[in-house]
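Protein chains: 4
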Amino acid sequence: MNGLQLKLQKREKLADQLYGQILEQIVSGNLGEGTKLPSENEICASFGVSRPVVREALRKLQSDGLVYARQGVGSFVKRRPPQGLIDFGGVSDVAGLLRCFEARIAIEGATARMAANRASLRHHRDIQNALKMLEDGIAAGDIADKADLDFHMTIARASGNEIFVTILTSLHDVMSKSMMVALNITRGGSKERAQKVLNEHRQIYDAIVGGDGDSAELLMRYHLHQARQRVTDHARDI
Amino acid sequence: MNGLQLKLQKREKLADQLYGQILEQIVSGNLGEGTKLPSENEICASFGVSRPVVREALRKLQSDGLVYARQGVGSFVKRRPPQGLIDFGGVSDVAGLLRCFEARIAIEGATARMAANRASLRHHRDIQNALKMLEDGIAAGDIADKADLDFHMTIARASGNEIFVTILTSLHDVMSKSMMVALNITRGGSKERAQKVLNEHRQIYDAIVGGDGDSAELLMRYHLHQARQRVTDHARDI
Amino acid sequence: MNGLQLKLQKREKLADQLYGQILEQIVSGNLGEGTKLPSENEICASFGVSRPVVREALRKLQSDGLVYARQGVGSFVKRRPPQGLIDFGGVSDVAGLLRCFEARIAIEGATARMAANRASLRHHRDIQNALKMLEDGIAAGDIADKADLDFHMTIARASGNEIFVTILTSLHDVMSKSMMVALNITRGGSKERAQKVLNEHRQIYDAIVGGDGDSAELLMRYHLHQARQRVTDHARDI
Amino acid sequence: MNGLQLKLQKREKLADQLYGQILEQIVSGNLGEGTKLPSENEICASFGVSRPVVREALRKLQSDGLVYARQGVGSFVKRRPPQGLIDFGGVSDVAGLLRCFEARIAIEGATARMAANRASLRHHRDIQNALKMLEDGIAAGDIADKADLDFHMTIARASGNEIFVTILTSLHDVMSKSMMVALNITRGGSKERAQKVLNEHRQIYDAIVGGDGDSAELLMRYHLHQARQRVTDHARDI
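Residue numbers (this note's numbering), protein chains in the order written: chain A, 1 to 238; chain B, 1 to 238; chain C, 1 to 238; chain D, 1 to 238.
Just so you know, these hints were derived from the structure itself, not from any lab.
Among the hints, a few may not be true.
Copies of one chain are not kept apart here, so a pair can be met inside one copy or by any two copies together.
The calculated lysine-lysine pairs, modelled on DSS-like cross-linking and capped at a C-alpha distance of 27 Å, are [as the list claims (entries may be wrong)]: (1) Lys-196 / Lys-132; (2) Lys-13 / Lys-191; (3) Lys-78 / Lys-132; (4) Lys-78 / Lys-177; (5) Lys-36 / Lys-191; (6) Lys-36 / Lys-177; (7) Lys-132 / Lys-36; (8) Lys-13 / Lys-146; (9) Lys-78 / Lys-196; (10) Lys-146 / Lys-36; (11) Lys-196 / Lys-36; (12) Lys-196 / Lys-13; (13) Lys-78 / Lys-146; (14) Lys-177 / Lys-196.
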């Protein structure tokens, strides 16, 4: 898993380039929120790419929550991600980050449920310590990225399945740069937002210690879903 | 993700060793199906390990479907895995294989759903081709491990999230030896079983091509759950 | 919940009528498997209904697994349900039955998981007894509808939440006629199919008694998904 | 489904009575948060009931989030529900309400997903109108119970499966009194809490209109999970 060296097929490469160019238009504000994108035909023509390539790019923008489709009408800009995200990270980092959260929802939903069902008292203590570090860090105004990572890793460890630990470690190695960028942007700013993020973590902890697997999975998925939203939707405080 | 080099903590190492020794007793038939395991106290005493270590090992045997607990009564042997599994693979390979399937259920449930929602016609063709290879291989009496892997990888590719492709590739690199062992044992034998495995793949394909994400996720999870069962439960043809 | 007296809005009534008429064409064989349906415009014209009504009807045929859509091409017949289903039950019973299974997947997936987590030993015995009755009935060549119902109801009772019991009782009161029709058709016929149905029940029982909530939910959902498929797909033995 | 007339078996009746008496001790403050409950033996003795009855009652208090168990140590009070809940509603209403939310999580998770996948533009408008009424009501300081119900019912209608509409209608008929009590307590009080409730609804709406079934299911489950928490956990603003 050295550097996520993906041997993309040609069409996928083109689709990703197109994705990046449309994303840049959205971030720059050229394509504002609510704006209708050019039609598939127009995009084919202006970028010199085939229809499947255009569809692939639109599908990805859609599943990344940046664009939405109205059947028979066209595609519209849904959200404008913060400028800083691209200044620091570049377009491909944004795309990678969004897909990383998508994968984490599936993976960590499972680890949280298993942790609730299987964690020992020692695991409970480890998760609690990580939560305490996160609270202290946020209280001190840090982005507390290490404590955040620790929290998620101790839960993976408590799942009793080491494969999840290995997967998350690899994901983190690959993603650490863009994660930092995201944390800088999404945690910078309001006290209120930091408090929300903290509450999400606390709820997960409570469910795991209470042995409530259903809630632990739900709350972890919700937390990562919100984190994913916060990447592109920094303005609206949800 | 080089070789799943897990830096286990001391207690976890002991728990895994204990797991292996109990598993060997089950496989050899010393502890037959339905037999009550010694009490926690007795295990502590005879292996010279602490209570948390015993609990950890029992928890893992339980979540691996080899042992079940009756509250207030004790733990009982649920299933005896086939001898060959350990002849070829060793105890730790069996444990690793079972946890690999557990992780795949979470990960590939998600890829199947996403593939149903996002796959292009080209992806449909790729999955169909892999299915055809699997059918031909099984008809020819092969274990068709490459075709099986291809089927799952094309679905991951169709999910539109490359991270899943990378994760599955890594898992496969680490697991390929024990996967081969499992396939040799679980596919060897009856024509009927091979037919069932094929049907499970066909149902997943139908759901993806039909754009039915709910069914695709359900059927993929079911397929991997059954595959996991087949590792330890080769006798009963389900 | 007396007789599912649904106060349908006008458009929905029209859509259901249209659904029924297309379904009759499919059952009669006028529209064979794989056949392309007329375009939305043509259906509007020949039935004198508006476009939203046509879309609603097609959407339902699609989510009932009878028709599938190819984006930009049109809708095609996926499966031809058995003639007998309509002889005995009428078109609206078929539609109702399919939606009943859809609802049961969500509801009974939850009851099976909760039963695995919460059932007492007495509940285990009750479920086992119902399973035994089902086995005996099927061995004797009965459709064993009462034993089947009992099995699902004892699981709902074991969930510890009486609301699920009440919901399933109501659903059964409303659906009993069409359920009988379905059982007559889908269980009539091959010994092999009866064996499969029995195995699906046994697997659910094993997961509940083993306290494995994840598997219990998965296997219950799979069982009801297959039962739903068997209504329209009696020919192919899956 | 007239009045949820549950023909409880004798043991279950005793367990429910015991549940009620322990709950009253918790609400009155006799058993404060964190307090250890008497042992199973002591409860058997002081209430003159058998061990299975005690276990059933404790299991329900646990799954209702009022009590938690530490393996080998005992059961502890987790949360003290607000006094008013019992003044207005009685002990059995509280228990019923908690189980109602538990059932709704399974049912409405499914309706939200289906609504995202199947809703027509008219359905979108209906849901939006219900959301608008809810916003106006809350802005005016009402508990807006009718608008809240409408919101959930329009989503059920948009699922395309009328059975869900019927089930929710029945649930509401039976539960309306205790729902009112809950709303009075949980929505009374802080502006901030009302805003959170509103945001939860808005997020669900966005996911449905955006056709994002995964998020719609997740956000609906989260909303009902939080609503359930708010019943017993009015103090902590989460």
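Hint by hint, here is what the structure shows:
1. Lys-196 / Lys-132: both (15 Å within a copy, 25 Å between copies)
2. Lys-13 / Lys-191: Cα proximity of Lys-13 and Lys-191: none, with 40 Å in one copy and 43 Å across.
3. Lys-78 / Lys-132: between (36 Å within a copy, 20 Å between copies)
4. Lys-78 / Lys-177: within (26 Å within a copy, 40 Å between copies)
5. Lys-36 / Lys-191: So Lys-36 and Lys-191 fail the 27 Å test inside a copy (35 Å) and across (36 Å) alike.
6. Lys-36 / Lys-177: Intra 32 Å, inter 47 Å, cutoff 27 Å: neither.
7. Lys-132 / Lys-36: Cα proximity of Lys-132 and Lys-36: across copies only (25 Å, versus 46 Å in one copy).
8. Lys-13 / Lys-146: Close across copies (26 Å), not inside one copy (33 Å); limit 27 Å.
9. Lys-78 / Lys-196: both (23 Å within a copy, 22 Å between copies)
10. Lys-146 / Lys-36: Answer is neither; intra-copy 40 Å and inter-copy 36 Å both fail.
11. Lys-196 / Lys-36: neither (33 Å within a copy, 31 Å between copies)
12. Lys-196 / Lys-13: neither (37 Å within a copy, 38 Å between copies)
13. Lys-78 / Lys-146: Neither: 32 Å inside a chain and 30 Å across chains, both beyond 27 Å.
14. Lys-177 / Lys-196: Within one copy only: 23 Å inside a chain, 32 Å across chains, cut-off 27 Å.
Taken one by one, the earlier hints fail for this structure at numbers 2, 5, 6, 10, 11, 12, 13, listed in ascending order.
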